[in-house]
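Enquirer: Under the working numbering, think of the first position of the sequence shown as 920, with each following residue one higher.
To be clear, the hints were calculated from the coordinates, so they are not data collected in a lab. Built from N, CA and C at the ideal position, the CB exists for glycine as well. Some hints could be false.
Label-pair ranges, simulated between beta-carbon atoms [claimed, not checked]: (1) Q968 to K947: 12 to 22 angstroms; (2) A987 to V1023: 34 to 44 angstroms; (3) K982 to S1044: 32 to 42 angstroms.
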Amino acid sequence: MTSALHQLTMSYVPEQDRILFRLSTKDKKEYRLFLTRRFVQVLWGALKQSFEKDQELAKYVDKGVQDAVLGMKHQEALQSTDFDTPAVSDAVDTTSNSGPLLVVGGKIHPGEKITGVSFKTIDGSDIRFNLNEQLMHAFCHLIVKTSLKADWKLNLSLGEGSNVVVPAGESVVH
C-alpha cells in the first residue's frame, strides 16, 4: 500500500469472533483485515509502548501524571476525530477474491510525528500504513470500542480516564 490513508473503520464479526479492520486509501482502495483477540492483545502492548516514547510524556517522572496527561491528550484527539462518517462504498476491495486477510503478526514503528504500522497476513502480504498522533488515538479508540463490543475482556485503556463504555442495551451475539 503506497497511497495516503483515507479512512479507518472496525466492526466485530461474531461468526468469526474477529474484528474486521477496514482501511481505505485516497486512491479508492480498501484493505480488509481480520484481527483476532490474541493479536489485538499483543498489538495493544506495542501501541501503548509507542505512546510511552512520547517526549512530552517522558518529561513527567511520575507514572500517574504521565497517565493523566496521556488520557487528556487521548480525549482531545478524539474530540477532533470524525467517527460518524459511514465507511466509503466506492472503494475497490483489494481482498474481494480472498475475503478479509487474517493478520498474524505486525510491528509498530514509533516516530517523532508519525507512527508506522505494518501487519503481516497469513498469505504473506505486508500491509503498511502511517498514523499521525490524532489517527493513532483514533485507531486505539476503535480497538478499545470494538473489543468491548466483542466482550473480549481485554481491559484495554490508554491513559487515565480514557475507557470507553458500550451504551446500555447493546448486546453481543456469539
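Enquirer: Hint by hint, work out which the structure violates, then give me just those numbers in ascending order.
Expert: When the structure is compared with the hints, only number 1 turns out to be violated.
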